[in-house]
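Participant: These are the residues of each chain, in order.
Protein chains: 8
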Amino acid sequence: MGIDNIDMAIINHLQDGRMPFKQIADFLALSEATVRTRVKKLRAEGILDITALVNPESLSDQQVVLIGVCLKDMDLVKKAEEFSELQGVVSVAVVTGRFDLILTVLLSRDFPLVNFYTEEVSKIEKVRSVETFVVYKSFNLKVPFTLPISGTTTAK
Amino acid sequence: MGIDNIDMAIINHLQDGRMPFKQIADFLALSEATVRTRVKKLRAEGILDITALVNPESLSDQQVVLIGVCLKDMDLVKKAEEFSELQGVVSVAVVTGRFDLILTVLLSRDFPLVNFYTEEVSKIEKVRSVETFVVYKSFNLKVPFTLPISGTTTAK
Amino acid sequence: MGIDNIDMAIINHLQDGRMPFKQIADFLALSEATVRTRVKKLRAEGILDITALVNPESLSDQQVVLIGVCLKDMDLVKKAEEFSELQGVVSVAVVTGRFDLILTVLLSRDFPLVNFYTEEVSKIEKVRSVETFVVYKSFNLKVPFTLPISGTTTAK
Amino acid sequence: MGIDNIDMAIINHLQDGRMPFKQIADFLALSEATVRTRVKKLRAEGILDITALVNPESLSDQQVVLIGVCLKDMDLVKKAEEFSELQGVVSVAVVTGRFDLILTVLLSRDFPLVNFYTEEVSKIEKVRSVETFVVYKSFNLKVPFTLPISGTTTAK
Amino acid sequence: MGIDNIDMAIINHLQDGRMPFKQIADFLALSEATVRTRVKKLRAEGILDITALVNPESLSDQQVVLIGVCLKDMDLVKKAEEFSELQGVVSVAVVTGRFDLILTVLLSRDFPLVNFYTEEVSKIEKVRSVETFVVYKSFNLKVPFTLPISGTTTAK
Amino acid sequence: MGIDNIDMAIINHLQDGRMPFKQIADFLALSEATVRTRVKKLRAEGILDITALVNPESLSDQQVVLIGVCLKDMDLVKKAEEFSELQGVVSVAVVTGRFDLILTVLLSRDFPLVNFYTEEVSKIEKVRSVETFVVYKSFNLKVPFTLPISGTTTAK
Amino acid sequence: MGIDNIDMAIINHLQDGRMPFKQIADFLALSEATVRTRVKKLRAEGILDITALVNPESLSDQQVVLIGVCLKDMDLVKKAEEFSELQGVVSVAVVTGRFDLILTVLLSRDFPLVNFYTEEVSKIEKVRSVETFVVYKSFNLKVPFTLPISGTTTAK
Amino acid sequence: MGIDNIDMAIINHLQDGRMPFKQIADFLALSEATVRTRVKKLRAEGILDITALVNPESLSDQQVVLIGVCLKDMDLVKKAEEFSELQGVVSVAVVTGRFDLILTVLLSRDFPLVNFYTEEVSKIEKVRSVETFVVYKSFNLKVPFTLPISGTTTAK
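Residue numbers (the numbering used here), protein chains in the order written: chain A, 1 to 156; chain B, 157 to 312; chain C, 313 to 468; chain D, 469 to 624; chain E, 625 to 780; chain F, 781 to 936; chain G, 937 to 1092; chain H, 1093 to 1248.
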């Protein structure tokens, strides 16, 4: 999964994710095709994401929590992947220190913490303990946002 | 900082941050101008970000750490804001539980943890304790990426 | 379980739980029947309780303890309910943080802590750990009070 | 602050806080005047409260949190009293164990946790640390309820 | 297991465990027979011990440790009793707080900590965790002292 | 502070603190004078105590607590000595691990925990934190017993 | 495993591990043969090691971590030995306090922490929890260094 | 502080710290002078140490302890260096996680833990807390050994 200096320069301009490739190409003295091809390749390889992020404080019924998880066995990567597939889980970090994993989870009025634990975390075996940190104010914390599929609800 | 159902539908399509506004407008039966104007407004208000995120595991000399911070006083919001301005800090969450703040920090070969503490955190008063969690594997954890300004280095 | 502004105004006057409904009705320009009907409905729905509370420090052989409980599985609501039915348990809160549940328990000379653990908590499976906080002084901490049924004793 | 067997029998009947004194008197073979006088005395001495309690889950914008507080000095009773006078604090327990005090606090949309810390707890000196437990489900946890004084707001 | 004021006055004089009963009787205006009878009864009932205690710092190859034990079940009294019968255990306290039991243990050159755990504690089931506190200096900490039975050794 | 094998044999017989020196001398083939002299010397040097100990569970209004203390400075021995002089403190151990000191304290109805902290511990500077473990059941835990000086009370 | 004063004097000179035995012999007025024989014997008995140690900070792709381990049973010595045989483990200490074992582990780019846990620690049963401390700066911390056997790699 | 493949191959042979340079040179097809020069340079630069290590369990009056230290400020490297200069300190690691530093300390009968804290650690300011782990059994844990300078003692 190599990434070279030109890739990094392109990514750097994509802090504004809507900047036209033509404009980036001009800045970097590249052809627009080069920029387009490289961005496409980086996205395909899972290295680069260009996406909308939302300030959770602007969404009145959304709530971000961080959860420290301790596991009962050493299959850390597999467990982390299982957690990453649960509803509400934005990301999973395997960490050193007093926890084995730290999750970032996005809750809503329709999907409160109690549902996350009883309906989602309960699917995963060998969880020794969980410790929830409710985020009640944040700076530069932005999360991806997805509407529930129309016609259904994410939770009862 | 209102955000209505149309805003949410537009943001939902921007999971692909490069999707042309024309295409989103067609999906939602809006005019392209409406989509463009609403996106512009949401970005101006700090609700919406459309940006490049990078998988830190693809950047061989970058390292993400989470840091639990306990403070000596109750001026939590002001302290959180001070931390958010330190070099390397991606985001700051004010949290319930055994820590007062949880930071996400992006380190590099040129800006290792010891520099973060001795050069950056040392600027902030009334820090009672810090506890670092090194992220050594992750799922869906993506971070913004910025090149150091050319001609200078971010750290000695 | 709706509760409207009029309900809240009535409840507000019931800080003195013995205030005559007539007097509340006059304050709020309602009929006494309206007040009576609404109070009855709120009590029936489990929203409102009008009850005697006792300062535990005035009862020389009663002792309040708070107990932080960690569980072995994620069936938090069911476990909380099981704990709420144990002798001595006043209330159960499902909480974020280092504990999963926090219990408020009322002990007495005839029902000491050791009995609570060996006779009551021992009935519940999947308890990982308990941590007791003995309340030895309090402000505004009041608890419901029930006499043991005459002719029997609550504990040997 | 004596409380005798007759007092306890009366209080026992006041689990229904609206029960007429006449009815209690009949049950206990006392005169109504005796019941009334004793209740009045117990309330005046701060031993007995007859009051409305509300299930916090029925109030959509209210939130109960428990807060473990560690202090920097040994003036536990004085500090507990100071905390008991802060806005939002329902009760304060001085406890054995890893915390010095455990507070029960009632928050609302207009008085969120961040305000409780920055506007209220910040008034109290010699607080070493706080640890918040957010109650997200409860059994038999009921709290007193007070409307903000009309014409003003409890928080900005 | 009653103990009256005369018992307490007698015990008070037995801070010097060798004080002649005649002398105590004279102090308290009792007969020597009364003192002797009461002391005998208190010892027989397990209320009173008159015994030699040794300052562990004067015994160069003896070491006192305190051990916090957490258990996996609620059978606290039974477990405490089992621990009290292990070699080296001086006393066992069932406690509130982060441990379930706190043991006082007397080790020696011939019976070091590693033997205590691998040969003694290993006999007891349902021990969740142990945490040893080595006493390396003390004030007024005195422990009973027993010679190993001559001709045998307490440990290999 | 030497202690030889003969001393140890004598002490061993003093598990019954009232055993006549003549009898010990006979067992050990020593003269009664030798036993008497050695015991006197061991007591004078603070190595040996022969004293009454009481089972705290037999004293209905007495309560033993253990207290883990963390200090703000490294003057551990001096601090331990200061604590050993406080009312109610039976012994002080300087320990390795999460606490710096562990105290054994004897409380009574007239000298409850809140008084121990606000009147006694408050005299000692540089105490970082305290954590109380209430002993609610014990095996072989015995404590010295002293009557308050007649005509005065140990606490208000 | 005796070691006498002469042994200690010889070892003392071997702080420079390459010092000729002749030179040590001259310093200590011994024969070179005596020094050689004693050193050989001490090494054979596992008391003395003369070895190369490397400053881990000079090896850019090596990383030292310390790991606190809690076990589920009391077979501490056997478990410690099992850990000592895992790839990457430099040493194992059985300790008092909140951990049962503390490991020193040497990781590399080819043998990162996630492999240590999923491939090595996972072989050991009855591990209750692990807590990793990443060493990111050190003084006088030196570790043995071994090249992987040529023609193979230590990890995939 | 570069170190190349030849350096690593040489160091690899120095697991036996006394191996003649001639022999290493022959193994690696280098000249003896090359090996000698490179070893000298590596030692001069502080990368390589060739030294005697002793199994602490073979030294009956020596004791290894590990100490977790939390600091009051962020000057971690400077503090670590100060600790590394204290008597008894073998090495200092600056670590992530619940401690800021972890020390390895070698104690002896003449230099017990209480002296290490009251005479040595007390010299260092801004130490928030210390937590000692006593090593009572170890595998492959070896420590440097130094005799006290003859004619003096290391501690009173």
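Just so you know, these hints were derived from the structure itself, not from any lab. Please note that the accuracy of each hint is not assured.
Think about it this way: if two alpha-carbon atoms lie no more than 20 Å apart in a straight line, the pair counts; the simulated PhoX-like pairs of lysine-lysine are [claimed, not checked]: (1) F:Lys852 with B:Lys282; (2) A:Lys72 with A:Lys126; (3) H:Lys1164 with F:Lys852; (4) C:Lys353 with A:Lys72; (5) B:Lys282 with D:Lys509; (6) G:Lys1008 with E:Lys696; (7) H:Lys1215 with F:Lys858; (8) B:Lys178 with A:Lys137; (9) C:Lys435 with E:Lys761; (10) C:Lys384 with E:Lys664; (11) B:Lys228 with H:Lys1218; (12) E:Lys696 with F:Lys917; (13) A:Lys123 with C:Lys435; (14) H:Lys1114 with G:Lys958; (15) B:Lys197 with B:Lys228; (16) F:Lys906 with B:Lys228.
For each label pair, taking beta carbons as the anchor points, the in silico distance ranges come out as [said to hold, decoys possible]: (17) D:Arg511 with B:Asn161: 51 to 59 Å; (18) E:Glu749 with B:Glu275: 38 to 46 Å; (19) C:Asp373 with E:Leu652: 37 to 45 Å; (20) H:Pro1112 with B:Asp266: 36 to 44 Å; (21) B:Glu275 with G:Gly982: 14 to 22 Å; (22) E:Pro736 with A:Thr146: 42 to 50 Å; (23) C:Ala356 with D:Arg511: 40 to 48 Å; (24) H:Arg1201 with E:Glu749: 37 to 45 Å; (25) H:Arg1201 with C:Glu397: 24 to 32 Å; (26) F:Asp806 with G:Lys1062: 20 to 28 Å; (27) E:Thr658 with D:Val545: 41 to 49 Å; (28) H:Asp1202 with D:Val545: 27 to 35 Å.
For every residue, glycine included, the Cβ atom is placed at its ideal position computed from N, Cα and C.
Participant: Next step is simple, just say for each hint if it's right about the structure.
Facilitator: Against the structure, the hints come out as follows:
1. F:Lys852 with B:Lys282: At roughly 17 Å apart (the allowed maximum being 20 Å), B:Lys282 and F:Lys852 satisfy the hint.
2. A:Lys72 with A:Lys126: holds (5 Å)
3. H:Lys1164 with F:Lys852: Holds, because 11 Å separates the two Cα atoms, which is no more than 20 Å.
4. C:Lys353 with A:Lys72: violated (48 Å)
5. B:Lys282 with D:Lys509: violated (49 Å)
6. G:Lys1008 with E:Lys696: Roughly 11 Å separates the two Cα atoms, so the pair holds.
7. H:Lys1215 with F:Lys858: Given pair H:Lys1215, F:Lys858 holds - Cα atoms ~16 Å apart, limit 20 Å.
8. B:Lys178 with A:Lys137: This hinted pair is violated, its Cα atoms lying about 35 Å apart.
9. C:Lys435 with E:Lys761: Roughly 42 Å between the alpha carbons, so the hint for C:Lys435 and E:Lys761 is violated.
10. C:Lys384 with E:Lys664: violated (50 Å)
11. B:Lys228 with H:Lys1218: With Cα atoms ~15 Å apart, B:Lys228 and H:Lys1218 stay inside 20 Å; holds.
12. E:Lys696 with F:Lys917: With Cα atoms ~18 Å apart, E:Lys696 and F:Lys917 stay inside 20 Å; holds.
13. A:Lys123 with C:Lys435: violated (25 Å)
14. H:Lys1114 with G:Lys958: holds (19 Å)
15. B:Lys197 with B:Lys228: Violated, at roughly 39 Å.
16. F:Lys906 with B:Lys228: Measuring from Cα to Cα gives roughly 17 Å; hence the hint holds.
17. D:Arg511 with B:Asn161: 51 to 59 Å: With a Cβ separation near 53 Å, D:Arg511 and B:Asn161 satisfy 51 to 59 Å, so the hint holds.
18. E:Glu749 with B:Glu275: 38 to 46 Å: violated (53 Å)
19. C:Asp373 with E:Leu652: 37 to 45 Å: violated (32 Å)
20. H:Pro1112 with B:Asp266: 36 to 44 Å: For H:Pro1112 and B:Asp266 the Cβ distance comes to about 42 Å; the hint holds.
21. B:Glu275 with G:Gly982: 14 to 22 Å: Violated, at about 45 Å.
22. E:Pro736 with A:Thr146: 42 to 50 Å: violated (60 Å)
23. C:Ala356 with D:Arg511: 40 to 48 Å: Violated, since C:Ala356 and D:Arg511 (Cβ atoms, about 26 Å apart) do not stay within the stated range.
24. H:Arg1201 with E:Glu749: 37 to 45 Å: holds (38 Å)
25. H:Arg1201 with C:Glu397: 24 to 32 Å: Given about 59 Å between the Cβ atoms, the range is violated.
26. F:Asp806 with G:Lys1062: 20 to 28 Å: violated (53 Å)
27. E:Thr658 with D:Val545: 41 to 49 Å: holds (44 Å)
28. H:Asp1202 with D:Val545: 27 to 35 Å: Given range 27 to 35 Å: violated, Cβ gap about 47 Å.
Hint violations for this structure: numbers 4, 5, 8, 9, 10, 13, 15, 18, 19, 21, 22, 23, 25, 26 and 28, all remaining hints satisfied.
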